[in-house]
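Q: Each chain is listed here by its residues.
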Amino acid sequence: MGAQDATAGRGVRTAVWSWLDERFGLADLLAFARHKQVPVGAHSMVWYFLGGVTLFFFTVQIASGILLLMYYEPGEATSYESLRYVVTQVPFGWLVRSIHCWSAHLMILSLLAHMWSVFFLRAYRKPRELTWFTGFVLFGLALGFGFSGYLLPWNELSFFATAVGTDSVKAIPGIGQWLLRVMRGGEEVSIRTLYRFYALHVCVLPIATFTLIGVHLLFIQKQGMAPPLAEKEGEAPPPARGMPFFPNFVLRDLLLWILALNVLALLAALLPYGPGIPGMEWALGHKADPLMPAYPGIKPEWYFLWMYQLLKEFPPHLLGMEGPQACLLIASVLMGIWFLVPILDRSAARGRSSAAFTDFGVGVLYFLAFLMLKSWDVGVPAVHGVDPGAAPETARTIVRTASAWVLGGAVAVTLLRRFAWGHRYFWIGALPVLQALLHGWAGMSYLAAGAVCFVLLVVVLIATWSRSLPGAAVAAAISLCVVLPGASPPARAQEPLPPSASAEGAGSLPESDWPDSFRELLDAQEGGKAVVSERGRQHFRELPDHAQKMFFRAVDSGILDSPEQLAGFLELEISDELVELLLTDNCVLCHTNPNYQSEETLFKVRGPDDPNRHLDLRAVVSDVHLRRGLSCSGCHGGKPTDDSMSDEIYERWPERDVRKVDRSWIPRFCTERCHSDPGFMRRFNPELPVDQMLKYRESRHGVALLTKGHNKAAQCVSCHGVHGILRPTSPQSPVFPTNIPQTCGRCHADPAYMRGVKMDDGRTPMPTNQLAQYRESVHGRALFEKNDLGAPVCNDCHGNHAAMPPAVASISQICRNCHVTQGTLFDGSPHKKAFESHGWPECEVCHGKHDIAKPSDAMVGTGPGSVCRDCHERYGKPVCNETADHFHDEIEKLQTQQREALDEVDVAERTGLDLADVRFQLKAVDDALTDTRSKIHAFNLAEFDKAAGKGFDLVASARKTTDQSLREYSFRKVGLLVSTLIVTLVALLLYVKIRQIDRGGGDDRDGSRGT
Amino acid sequence: MSSHLAEQSERTPPRTRRRLVTGLLLGSLGAWLATVLYPVLRYLSPLEQSGGANETVLGDNAKHAIADVGFAIIPLGIERVIVFLDPREKLHALSAKCTHEGCTVQYKSDQGLVWCACHNGKFDVDGRVISGPPPRPLMAYKTSGSIDGKVVISRETA
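Residue numbers (our numbering), protein chains in the order written: chain A, 1 to 1011; chain B, 1 to 158.
Fair warning: there could be bad hints in the mix.
As a list, the in silico SDA-like pairs of lysine to any residue whose alpha-carbon atoms are at most 20 Å apart [stated by the list, open to error]:
1) A:973 - B:79
2) B:142 - B:42
3) A:973 - B:39
4) A:832 - A:781
5) A:973 - B:32
6) A:973 - B:42
By construction, these hints were calculated from the structure, which means they are not laboratory data. Quick caveat: nothing in here was measured; it's all calculated off a predicted structure.
Bound conformation, chain A alone (with noise of 0.2 Å):
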């Protein structure tokens, strides 16, 4: 019966073969798959199977790309946000993206990988130099798929490095700019050119790279495989020797594939953001944000490195080109003498293998490594947004770890090279690592221990060469390459113009015009040093003519008349409103002339501890009251025009003697004349208040001086300032938020001003600790620290013009201000009763008043440090206690299990899982905590438990969260696991059906051989 159904089987399987065949003439294709040859020389087979490698891995891109796409939505608020969707919600979206990331990696590392292969056994030669062409290109569009496919993320590494990697475009001479636009769809790195990278990657691209793939194809079908050279130097090459292609090398093929696909699918599962290397890295991190400034240490993928190192190791200028644009020109050159090998590699067309090739290609790895691991910064720990190169002494520290590796894998290949392959020429690639070393231990720069190895590379190769006639012309050709750049003139790059030389103002009258009285003046010299310093000239200088003027008639006029008071007038390096302000105030002018005045009545510019410091001219410019028209004449009386002292001025205040011991003259001069009368104050600032006076006059300080003739009480100048008063909004203001403390302790905080001060009591002495204890507390602190011009200073509880010490009563009224929630809570607990009827301040009673600190959870409860424990043992019932408790632990529950939550995404992290929502989650969990702890103050166990529950329920919902995620990794293990076994057992299965093949019995039907 089974061999009945066997034989049933093969006629089915023969019919379908005979129906197919006579269709399409099958028989025909397998005949000449299996005549086909692969050839086989002494060295290894695997050099042949990377281009396939290289193909499959381009393939597992494709289909993985496609996969990717029907997800993936381009665009600004949507490209994140799908690919985060892709990677955190779709089944196994993770691992597509992660397959994508690393088999694009795998594809570049083998197609290199295929290259240089190609490069060392001479696969490029005479007749397949088109083959190796094309592989050119297919190596450049795969780097344009590198490029393009960077940006799609549109997250924060992928914006910066494509904003990098796209500007050095520019360099290039003529059309980078232009190009720099079209590449960017702009000026800036834009959405729009996520649009066009992503029309390159998914459409573009491909087409290119399938076109250029089956051209390539074509021509190794057409060509074959290039036959191997000798293995040694000199030797004749291998008599030709070859496997079928079907199914010998084709089963091959295929048993690497299944290899390489399942190493992709573990490093995919297992590293799912890649090795964490420099441009070996894929984790989404955060949105792309064209406002945020790069991060230090951002680096474009590992097979732009060396090029990316390169533009660092360029100067702004060289030889007469902008920096970038000479590296783009020296890459430019490397990349063309590489495309062009086939054609230079005049000995590999003819058969024979060149040393000096060979040792070129060497050489070429070296100068790669050495790029790339300077650029890996190797030598020094990696932190994550720093960059090491940025600071000198670690800078040489990877320069010098990095040459001494190339040295060490220089001596090892060189080794192998010599004893193991027999070479004997190596000097193209010693001069490499010479530059690496010159670089690293010998101090020079990269570009001159460049310069130095170019030139003892034209040296070796005019020694290698000049034997032929080719040879010596490609040497001239070099050597005439060196002189070249030396000889010609240098193409200026766009420099900016220098500065002009005229550095007088526009509207400026000329030096030439300016009277010699002045110029007197200005030319003063005092110990043999100008007194007006070159500043101030140029300050001068660059006056509009009409100040310019102002100050020749004041000198004119004999009223400026002496050099340190011009100096101070242009020191101030004040507004030209302000100058010509000044100038035209015979007050100013006089008062600032010291040689009509005396110390106490000159006004200069002064130190803050100097004893007449209230006569300092920089703060008399910056006085509202002069900005606004108020001068000297304003409060003292007389007019700016008056020649000498009015009457006045003598008049309007109390005698000298009077008015320095009874100071209570002063609020009433600022008030009644000016800032209690409305009409007074709208020409001005209709917004002021003129209530000043009245809230003073029920004030402490008001009572204190003005009923009581306390004269150290403070008054309208303790507080404003004389002669530098500022807008309160100003931040040099005293009254200024930041500034209010100090202002306040000037006195408060003084003992010996504060001595024979009572409290309201009559008896006790008023304490000076309470700055000293502001500073210290939770408001001095967010106002110190975090300068937070919110946290409530002295007068936002004590006011300002009426201060006064708050009431019991009106204490929570007053932090109610602020603290509303907590205010209305307790407003409807049952402790508002029970204090009002001690007569307690709400509050203060728990919190304290000037030393009010950050509360603490261990205030709550019974424990140490607890503000309920002892008033409930004196008047509480014993629940009022059992309560607190309950508040206190449950409090300290939710934060426990908000931290266990937080460690076990931790945990789930590093695995590689994405959870960034859990994490936001269990940050909800903070405002969670806030609202239970206000809910404290309604001493309500059901609203308390109420808040509380949210908290726990966002806790709970988190661990689900992560519990499913953990679950899924270790689903996503198990799975690898039995792939993995499967993989294996395929491979395995293939090799022994190889083997089978190789001896000649793979053929089910006849067991004849393949070939």
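Once you have looked at the hints, place chain B on chain A.
A: Quick look at chain B alone, frame taken from chain A:
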């Protein structure tokens, strides 16, 4: 001849062994294909969308549409709902997805019936099939409130 045959049998594995290897190879290739296909198929299956809201309030645009063209099609969760006033000014809400091939239906106020333009399916104002190919009636939704005020359309069957 016999020596040649003996040599052949020594060099080539027995047919059953070759068949076993081929069979195992094909079988394991199939299993390997399954491990590749399983994640791909899971990846391709869209995540289940939630049904969304159970009720919705008729917006002003929809009310204007009912006044102007006689009906409005509004979303309710992931479903489409047609809302219209019948000739007796009674508000109806029916599933707008024709039960025949899923086209979106419309209300013909001049004929007082719901019509599907794709294959000429006709339903009465309560969603019952009058003529044409639709195999089942349109599902009716519950409406509450008046068109002049707040109208709530809910999933609860009318």
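Q: Does each hint hold? Answer for all of them.
A: Evaluated hints:
With a C-alpha separation of about 39 Å, the suggested pairing of residue 973 of chain A with residue 79 of chain B is violated against the 20 Å cut-off. The suggested pairing of residue 142 of chain B with residue 42 of chain B is violated, with an alpha-carbon distance near 37 Å, which exceeds 20 Å. Distance check on the hinted pair: residue 973 of chain A and residue 39 of chain B sit about 13 Å apart at the alpha-carbon level, within 20 Å; holds. A hinted pair counts as satisfied when its Cα atoms are at most 20 Å apart, and residue 832 of chain A with residue 781 of chain A does not qualify at roughly 29 Å.
About 16 Å separates the Cα atoms of residue 973 of chain A and residue 32 of chain B, which keeps this hinted pair within 20 Å; it holds. With a C-alpha separation of about 17 Å, the suggested pair residue 973 of chain A and residue 42 of chain B falls inside the 20 Å cut-off, and the hint holds.
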